[in-house]
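Engineer: These are the residues of each chain, in order.
2 protein chains.
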Amino acid sequence: MDMTQAMQSVEDLMADTVNSTVTTLRDASHHILEAGGKRIRPRLVLLSYAAMGGNDINQVAPVAAAVELVHTASVVHDDINDHGIVRRGRPSVNAIWGRTFALLTGDFLFTKVYELMAPYKDLNITLAEGTVALVEGETLQASAAKEGKLSREVYYQIIALKTAALFKSGAKLGAQLVNAPAEYTEALGEYGFNIGLAFQITDDILDLIADADQLGKTAGIDLAQGKGLGSAYATNGSSHAAVAEVIEEAPTDDLLTTIKRKVLQGDAIEQGQTQARLLVQQAINALEPLPESAAKDELIELAQQVINRSY
Amino acid sequence: MDMTQAMQSVEDLMADTVNSTVTTLRDASHHILEAGGKRIRPRLVLLSYAAMGGNDINQVAPVAAAVELVHTASVVHDDINDHGIVRRGRPSVNAIWGRTFALLTGDFLFTKVYELMAPYKDLNITLAEGTVALVEGETLQASAAKEGKLSREVYYQIIALKTAALFKSGAKLGAQLVNAPAEYTEALGEYGFNIGLAFQITDDILDLIADADQLGKTAGIDLAQGKGLGSAYATNGSSHAAVAEVIEEAPTDDLLTTIKRKVLQGDAIEQGQTQARLLVQQAINALEPLPESAAKDELIELAQQVINRSY
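The listed protein sequences derive, respectively, from chains A and B.
Here the first sequence is numbered in our numbering, starting from 379 and rising by one per residue.
Here the second sequence is numbered in our numbering, starting from 379 and rising by one per residue.
Mixed in with the good hints there might be a few duds.
[To be verified] A few chain B residues facing chain A, derived, Cβ under 7 Å:
1) Thr395
2) Arg417
3) Asn459
4) Leu481
5) Ala496
6) Thr509
7) Val510
8) Val513
9) Ala520
10) Ile647
11) Gln651
12) Thr652
13) Gln653
None of these hints come from the bench; they were simulated from the model.
Just so it is clear, CB atoms sit at the ideal spot from N, CA and C, and this is done for glycine as well.
Working from the sequences, and respecting the hints, build out all of it.
Structural biologist: As structure tokens, this is what we get:
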């Protein structure tokens, strides 16, 4: 299966799927989809599928597109809750169309997934697991931010739900599409889960150390929401009070700088990077039982890309 | 099939389905579900199913629950966009838990539907049609409100999408579950679509003439959003300017009273009631080809209840 061609099919399918006659939904959906993004989740679906011998782009593309649309819906809603004004290097849907239409665009993307996934019966259970977990993780995160309390344990609970679960679902879905043996499906699920954790830790580190231009999204938002890696690792409470103060409003530069400095005083970044490297190694180890293939090699490469990136 | 027992199964299933370990999602979902509501959509699914000879509660309950959860999700999100503080006689999710958690609760309900509908393959297409239309209708409505323009034609386009399409899907789903002949499935779809329109017109009239205690939800909101039946029917523009002024903020009593008086000066109410009665008659006529059954009689009764209600 040619990966470039397969990814192009996923892109085309997503663009087609969101072609509503209601222009706001169509335009807002195309706006966020055309901005790109890393497309790690659909690549994960395609590579798992190929690693298990799948080679029918038409069979796998709707599933890969569904996983990416779930992620895209969550991103659009996230930018409402976090007052994010830049996303993927463009103004967010929220910034251009406002809260009401951003909310409806996210709902539109979530419900378009019903349509895409209709032919896949039980695979909907796997996708539902990742999607429901994503919403649960976002909710735990908002609760932790509101209470101004975020322990390392809660941080891991949050990223497992909000990010790693959908990575796990995506990796399993590729295998389930070709009825791969349970042993391989589980192995791919573990791989997906671990790179999901590593991906999110890396994201949170970048949110701390990069600026908006590099990230392509509003920087410091996660930090201001008290949910970044930094506030989990760096202190036992000293930064949380400061973080809590800015939760309810859009972040201002001064406050952010103060919080950032406090968080960076610890060894949070280093600890996080070490942890992410370990998780990537575990992910690669999980692939051990799989037969050798070009797709397996690409999965190993993908795991490394997840932590070796600057945006 | 015993309808009381079937409806109880739907209630139990909905309550079980939303049992998240994340307490906010669980509590907010139970809060809105326990408030009740008219449960017309799941009754529609059950009665269509029974009218086509279905008699397995376990087969139909998840589909009926899915349709009601889609509606519930949309209601929770609606109250964010409309600043609704009372819903089904209780404070809205938005009023108790705030915007962020209301948004996530709606997302949670939308994504739980993936799980419930997983076993039903192609029926997901029918549900997707109703759900996507619902979101499209809400979007058109918000656009019309924003522009302060709402013609009678656009009003019908909106209610067809935001309400009638899901009624249509619900009625078709019941029939599709037992592989009913296409003729009957289409007849039930037409029935559902027409009572959906009648239901929404009646809702909009009640929003104009009733108060919050009777309605169990914040009254006048639809009006303030420029989307009520009144503003569509009553004038050729004179009320729209006034309506437009209050769109962006929560309605205040004084402005509402003014708008209400202007709208009520026309014969909007009477026209709307006449139209709703015609639609109910069309719905009942559509059932003509169906074989006689207790369920068919109940569908006829349901059509009449849709317009003969005070809340």
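Engineer: Minimum Cβ distance from Thr509/B to chain A below 7 Å?
Structural biologist: holds (4 Å)
Engineer: Taking 7 Å as the limit, does the beta-carbon of Val513/B come near enough to a beta-carbon in chain A?
Structural biologist: The hint holds - Val513/B has a Cβ within 7 Å of chain A, the shortest such distance being about 5 Å.
Engineer: Using 7 Å as the Cβ threshold, decide whether Arg417/B counts as touching chain A.
Structural biologist: Not OK, violated: Arg417/B not within 7 Å of chain A, min 21 Å.
Engineer: Taking the closest Cβ pair, is Ala520/B under 7 Å from chain A?
Structural biologist: holds (5 Å)
Engineer: Tell me if the interface restraint on Asn459/B is satisfied: Cβ within less than 7 Å of some Cβ in chain A.
Structural biologist: Result: holds, 5 Å to nearest chain A Cβ.
Engineer: Using 7 Å as the Cβ threshold, decide whether Val510/B counts as touching chain A.
Structural biologist: Since the shortest Cβ distance to chain A is 5 Å, the answer is holds.
Engineer: At a threshold of 7 Å, is the proposed contact between Thr395/B and chain A supported by beta-carbon distances?
Structural biologist: With a closest approach of 10 Å, the Thr395/B hint is violated.
Engineer: Report holds or violated for the interface hint on Ala496/B, using the least CB-CB distance to chain A and a cut-off of 7 Å.
Structural biologist: holds (4 Å)
Engineer: Does the CB of Gln653/B sit less than 7 Å away from some CB of chain A?
Structural biologist: With a closest approach of 24 Å, the Gln653/B hint is violated.
Engineer: Hint Ile647/B vs chain A: min CB-CB distance below 7 Å?
Structural biologist: violated (28 Å)
Engineer: Using Cβ atoms only, decide whether Leu481/B comes closer than 7 Å to chain A, and label the hint accordingly.
Structural biologist: Constraint on Leu481/B satisfied, holds at 6 Å.
Engineer: Using the nearest Cβ pair, does Thr652/B come within less than 7 Å of chain A?
Structural biologist: violated (29 Å)
Going through the hint list in order, the structure does not satisfy hints 1, 2, 10, 11, 12, 13.
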